[in-house]
Amino acid sequence: MSHQELKPVDTKQIQGMLSRKKGKMKRFLSYCAHCSLCAESCFLYMEHHKDPQYMPSYKAINSLGKLYRKNGKVDRKLLTEMKGIVWRNCVLCGRCYCPIGIHIPSMIAFARSILRSQDVYPQLDEVSSESWL
Amino acid sequence: MKSGSRLERVLAAGHFAFTGELGPPQGANVEAIKKKANYLKGITDAVNITDNQTAVVRMASWAAGLIAIQEGLEPNYQMVCRDRNRIAMQSDILGAYAHGIRNMLCLSGDHQQFGNHPLTKGVFDIDSIQLINMVKGMRDNKKFLNGDDIDGAPQLFIGAAANPFAEPFEFRVHRLAKKVAAGADFIQTQCIYDMKRFREWMKQADDMGLTEKVNILAGVTPLKSGGMARYMAKNVSGIIIPDEIIDRIVNAKKASEEGIKLCVEQIEELKEMKGVRGVHLMAIEWEHRVPEIAERAKLIPRPQV
Amino acid sequence: MIVGERKPFDEIKEMIKSFKKVLNVGCGGCTSICMAGGQREVGLLNEELQNAFKQEGASSRVDGFTIERQCNADFFSELDEIVKEYDGLLSMACGAGVQFLADRYPQKPVFPALNTVFVGVDRDIGWFEENCRTCRECVLGETGGICPVTRCAKSLFNGPCGGTSREGKCEVSKDTPCAWFEIHKRLKEQNRLENILRLKPAREWRNQTQGTLVQEAYKKRYAK
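Chains as they are written, first to last, in numbering that gives the first Met the number 0: chain A, 0 to 132; chain B, 0 to 304; chain C, 0 to 223.
Hints were generated in silico from the structure; no laboratory data involved.
Some hints here could point you the wrong way.
[Stated by the list, open to error] Below are the DSS-like pairs computed for lysine-lysine, each with C-alpha atoms no more than 25 Å apart in a straight line:
no., chain 1, residue 1, chain 2, residue 2
1, B, LYS233, C, LYS173
2, B, LYS233, B, LYS212
3, B, LYS120, C, LYS173
4, B, LYS135, B, LYS1
5, B, LYS212, C, LYS184
6, A, LYS23, A, LYS6
7, B, LYS142, C, LYS199
8, B, LYS212, B, LYS40
9, B, LYS223, B, LYS270
10, C, LYS199, C, LYS184
11, C, LYS199, C, LYS218
12, C, LYS83, A, LYS11
13, C, LYS83, A, LYS20
14, C, LYS6, B, LYS120
15, C, LYS83, C, LYS107
16, C, LYS199, B, LYS120
17, B, LYS34, B, LYS202
18, C, LYS168, C, LYS184
19, B, LYS141, C, LYS199
20, C, LYS184, A, LYS21
21, A, LYS23, C, LYS83
22, B, LYS202, C, LYS187
23, B, LYS135, B, LYS223
24, C, LYS53, C, LYS6
25, C, LYS173, B, LYS202
26, B, LYS202, B, LYS223
27, B, LYS195, C, LYS184
28, B, LYS1, B, LYS120
29, B, LYS212, B, LYS270
30, C, LYS20, C, LYS83
31, A, LYS49, A, LYS6
32, B, LYS135, C, LYS53
33, B, LYS195, C, LYS199
34, B, LYS202, B, LYS141
35, A, LYS69, A, LYS6
36, B, LYS260, B, LYS212
37, C, LYS168, B, LYS233
38, C, LYS168, B, LYS120
39, C, LYS107, C, LYS20
40, B, LYS212, B, LYS34
Please read these numbers as outputs of a predicted model, since none were measured by experiment.
Bound-form chain A, shown alone (with noise of 0.2 Å):
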């Protein structure tokens, strides 16, 4: 964890960024029907062997769903779970298909964007793969 995530997270500022956004992305989280369809689209969902974790409705629901459904009031080590969630188990290629229009790259988009508001976000000349998520 780099010196940056050790300021406490600004719960207002997240509340903030989740209120701007209401409307289209409470909708978009209430709409989902979970037929699963957006897994089949997801290139990281099929090459892990259909793990739930890479279906894409899944990642929407525990990243921004979840700081919606705790009206940000989360702490850094749910953050850091989610920065996983949102970038390494997602490389927002953006083909993931809703049969009702639900656009879930910009629900995980946004969830990044909340996260690097909190200055959580890759690392990426940590060392290991795995370590700069």
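We have chain A; now place chains B and C onto it with these hints.
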């Protein structure tokens, strides 16, 4: 006859050809060209006019070639791929031919990094083998590279370079074969000091039937000093100078005399080598010593053809 | 990936010094990965700029914001509101990203903080090597997976020039392998030398005008 140039006629008649080199000045100094030309007139069959060699800006090769013609020399117009695209190349070839140039040597060119404008944009639109092929197409098919007809095709005797001393050695004869297949009529080699390797390369060429298809002129450069020998051996990529030759020049009482003596010996040896149809003498800024070398190597008088 | 390197500090400072409020926009894509223009680099550059402006008594302010990619419109939406507060934008994306940013906010002056250097690979952490010139007519199938356009200093197509050293290096530098030496070696090992014994005719350079590509499956969608 493809071009009717003197060089072509000499080779066609079975004579041992002798070509020299003239580097244009770094400026419009016509007298400098005339002075160099004067040493070579009547001595060589043709004279290579270098094209911005080592990527240093000099008078255009075709232009210095025209002055050489006025001075009674036959130019071998060098063209490199570094500075021109296919449009400029074809256009210059037409212009050079229109003014009486009949031999041409197609080269990749020294990289611009070595020159006096090291960060210029290198063109390298086509490579030397593609250039050979383009000139052949212009001459024999009367077509530009794009297939358009040429109104007045240039009848040139097409030359190419070969370096038997650069790595990968075993590919070098294949590169020669590609140049022959592309349309080279004659070859001038990199300067030879490692006679053993040259002999080996010539044998490979002969075994592949290439010596029948192309006129190989062996390149020689007299060493002026021990320092030059050491410098070239160490710093010039693609040149091999065996230690015994360096030692011979370094230990000589008078290095320049020894260099000329060595050069004459090399020419004598090359005259006897199967498949070698001539020598190309690159006496870098030593044009005034060419008549002496030619005489001692019994290359003059030149035949009437 | 696209590899970039940060411009010299003074050049960046000169470009933006006349603006009161500048937003430095980082890119979470390639330039993050090559450690030239991600969130961390935005922070470092901004700190340096702020210090310099402070020392010079200039009142310019530089803030930072990193989006996931500057080469895809989907990731700009968050910026739309933020940029309104600024009178100049600095971009730490590649040249493509800088232009996309400038297109998105045509009323805002946009400045590049990086030089885009090449398309390349990671040799190791922080060590990148150019491998592709995007020439649009790939010959790697014939050349043993070694690109002569990129890795030969003269972009030759028919074998090595006469400048290959005894060690198999290029005449331009003792540290640069001769591409054709390497091609020859690999093809020989694979018993495929015949690939380079054939004459390779003059090629067409298709990368001399701006490229646009619509994949076959999408031709209908974008038909005019």
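Violated hints - listed by number, lowest first: 2, 5, 6, 8, 11, 17, 20, 23, 25, 26, 28, 31, 32, 33, 34, 36, 40
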